[in-house]
Amino acid sequence: MLTRKKFFFLITGYVLFSVATLIIAPFFGSESLSWRNVLDAVILHHASVDADIFILHRLPRVLLAFLVGGSLALAGGSLQVVLKNPLAEPFILGIAGSGALGAVIAISVPGLYIHAGPFSSVQLFSMTGCIICIVIIYRLAANTIGISMNTILLAGVTINILCGASILLVRYLVSPHLLVSMDRWMMGGVDIIGYREILSIFPLLLPGLVLLFMQGNSLNQLAFGKEMAAGHGVNITRVQKQVFLGTGLSTAAAISMAGPIGFVGLIIPHAVRRLTGVDHRVVLPASFCLGGSFLTLSDLVARTVVSPTEMPVGIITAIVGGPVFLKILLKKNRHV
Amino acid sequence: MNHKQISIQKVTYSYAGNGWQLYPASFSLKPGEIAGIIGPNGSGKSTLLRIAAGIIRPSTGKVIVAGKDMADMSRREIAASVGFLPQDTGGYLDYLVEEAVAMGRFPHLKGAGFLCPHDISVVERCLIETDTEAYRGRSINQLSGGERQRVMLASVLAQEPDLLLLDEPTSALDIHHQVKIFTLISELVQTGIGAAVVTHDLNMASLFSDRLLLMKQGKIICRGRPEEILNKDILHESYGEGIEIMQHPKNGRPMIFPASVSNRNRDRVYLSPC
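As given, the protein sequences belong to chains A and B, one line each in that order.
Heads up: the first sequence at position 19 corresponds to 629 in this note's numbering, and the numbers run straight through without jumps.
Heads up: the second sequence at position 28 corresponds to 281 in this note's numbering, and the numbers run straight through without jumps.
Rather than coming from a laboratory, the hints here were simulated on the basis of the structure.
The beta carbon of each residue, even a glycine, is placed where N, CA and C say it ideally should be.
Don't take each hint at face value.
Reference listing, derived: stretches of chain B covered by chain A, where coverage requires no fewer than 3 residues with Cβ under 8 Å from a Cβ of chain A [what the hints assert, rightly or not]: (1) 297-308; (2) 320-329.
Listed next, the in silico DSS-like pairs over lysine-lysine satisfying Cα-Cα at most 30 Å (straight line) [as the list claims (entries may be wrong)]: (3) 363/B / 283/B; (4) 615/A / 263/B; (5) 283/B / 472/B; (6) 851/A / 503/B; (7) 472/B / 485/B; (8) 485/B / 694/A; (9) 283/B / 315/B; (10) 851/A / 321/B; (11) 283/B / 257/B; (12) 263/B / 321/B; (13) 363/B / 851/A; (14) 503/B / 283/B; (15) 363/B / 616/A; (16) 363/B / 257/B; (17) 257/B / 469/B; (18) 469/B / 485/B; (19) 433/B / 363/B; (20) 469/B / 283/B.
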């Protein structure tokens, strides 16, 4: 049974790992930074190029990777229980497709490529696509007795297919030199400079995260079926709606800024369950920490392995994450 | 009215896109009794029980729990008074037995839902009552059907409900485990809670129920003590022909069995093994 003491012990472990990742990752890249120079600049306010790179370039990028990875893993962990489907991940809702379509449209019209406050046009269009998708799916799935998760699943798959076809159409029609930008966006990435972009995702990210973090205890109950959970006192309709909205908002925030980065939302929650058990009061915050750390480290690999150039982080998440997940599976199976 | 009583008052229900409906049905359940709900497939037993548990809302009529209209109660309030064990309790993840039982404390917990010493003592008591403490550290998905059903019952008991609503708690169990589950329900009822049990096993219903509700095609067609309900005329009307009734040799309760055997088996000669 999960006691308060055990909960804090486990979460402290995950948080310490995350903090260590967040502190160490910015020091490495195409140029390694000096610890001393950065600390001197932060504490003693000595001017330093290393500190400028650390604070203005690397740290925001690392923070964005952490938030995006954490959000996707948290959303995936919640959806897998509500849909009772171990293959569920945030992109199953169709949000990846609609977000990508928005971004592709913004890139395809050169005049649209602008910045408005902290938002770029690509991000705004992607976000708009995501929100339209959330509204459509919600309207389709909501019924008199709640919300149909099967409809969500089917509508999400259908919207992803429709958006995929629309993206192909846009790609067919646009000038070929724009295809590179589109492909680069579709591969996912967290290469930002400054903190403005991070702030721009908060209006969607924060409510999404709050809605999801509240569900740990209810998700435990839902794992035994809707009727058993309702019998124990869970308001099923409310939980389903909150998980859908939380997943939709946090995924929209992540995709609109970083593009469709796969694998994190699928494997991290499973990895956490294998490592520290299936209680979702631990699984949700732990998935956020581990997902954030995983994407941060993947980005670290992406910007160092082929230095001085960079690889898209989406490729790294799959190449690194796959074998790690298989190793966890094998290790656990040996103990069973 | 007993403040721990549940009273179902003229409830109706219909499924969208389906002609079937539950006609106005009323019954009450109070602590200290077992009410068996019996009837052929599709008669509305589970629907009635799910309405009583607040899982589905009746189209008309109302359910009163502990003197309050269920429509005005939160799910947690309902769960603190009424424990419901559905037919399907399929576990999606590998929870431990003690974790599954502890989940029954949900209606009494707030915030992150950590258990206080009182909650832990309730969980321990439920594990002991249901004879499941021996495998408390095992995964719920590694248990046999009978063990699993006892664990799920323990989880419902951990709610500390005044009334238990059990939907076919012994389906898919062998006769030994069926008797164990019904004996456990009888013992629980002696401690002061009430139980309504939907079952297809008329013999278990006869042996363990204080009174029976017989349903057919969405209506409660008969109610009374087992000796009054389980007679040939009434059972033929609801289940059709082909039922014979005898008396249990020890307590005289009616026992039901098929009237005919197939011709293929009638003259079979059983050989003892070599």
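A quick look at each hint next to the structure:
Coverage of a stretch by a chain is defined here by at least three residues with a beta carbon nearer than 8 Å to that chain's beta carbons; for the stretch 297-308 of chain B and chain A the count is 4, and the condition holds. Counting residues of the stretch 320-329 of chain B whose CB lies closer than 8 Å to any CB of chain A gives 3, which reaches the minimum of 3, so the coverage claim holds. As the CA atoms of residue 363/B and residue 283/B are separated by approximately 29 Å, the hinted pair is consistent with the 30 Å bound. Of the supplied pair hints, the one linking residue 615/A and residue 263/B is violated, its CA atoms being roughly 49 Å apart against a limit of 30 Å.
With a C-alpha separation of about 21 Å, the suggested pairing of residue 283/B with residue 472/B holds against the 30 Å cut-off. For the suggested pair residue 851/A and residue 503/B, the alpha carbons sit about 55 Å apart, so the restraint of at most 30 Å is broken. Restraint check for residue 472/B and residue 485/B: the C-alpha separation of about 19 Å stays at or below 30 Å, so the hint holds. For the proposed pair residue 485/B and residue 694/A, the alpha carbon gap of about 45 Å is over 30 Å, so the pair is violated.
For the hint pairing residue 283/B with residue 315/B, the CA-to-CA distance comes to about 17 Å; that is within 30 Å, so the pair holds. Straight-line distance between C-alpha atoms of residue 851/A and residue 321/B comes to about 27 Å, which keeps the hinted pair within the 30 Å bound. Between the alpha carbons of residue 283/B and residue 257/B the distance comes to roughly 7 Å, so the proposed pair stays at or under 30 Å and holds. At most 30 Å may separate the alpha-carbon atoms for a hinted pair to count; residue 263/B and residue 321/B meet this at roughly 16 Å.
This hinted pair checks out: residue 363/B and residue 851/A have alpha carbons roughly 20 Å apart, not beyond 30 Å. Between residue 503/B and residue 283/B the alpha-carbon distance is near 28 Å, which keeps this suggested pair within the 30 Å criterion. Proposed proximity of residue 363/B and residue 616/A is supported: the alpha carbons are some 18 Å apart, at most 30 Å. Between the alpha carbons of residue 363/B and residue 257/B the distance comes to roughly 24 Å, so the proposed pair stays at or under 30 Å and holds.
Under the criterion of a C-alpha separation no larger than 30 Å, the hint pairing residue 257/B with residue 469/B is consistent with the structure, at around 28 Å. With a C-alpha separation of about 16 Å, the suggested pairing of residue 469/B with residue 485/B holds against the 30 Å cut-off. The suggested pairing of residue 433/B with residue 363/B is violated, with an alpha-carbon distance near 34 Å, which exceeds 30 Å. A hinted pair counts as satisfied when its Cα atoms are at most 30 Å apart, and residue 469/B with residue 283/B qualifies at roughly 24 Å.
Going through the hint list in order, the structure does not satisfy hints 4, 6, 8, 19.
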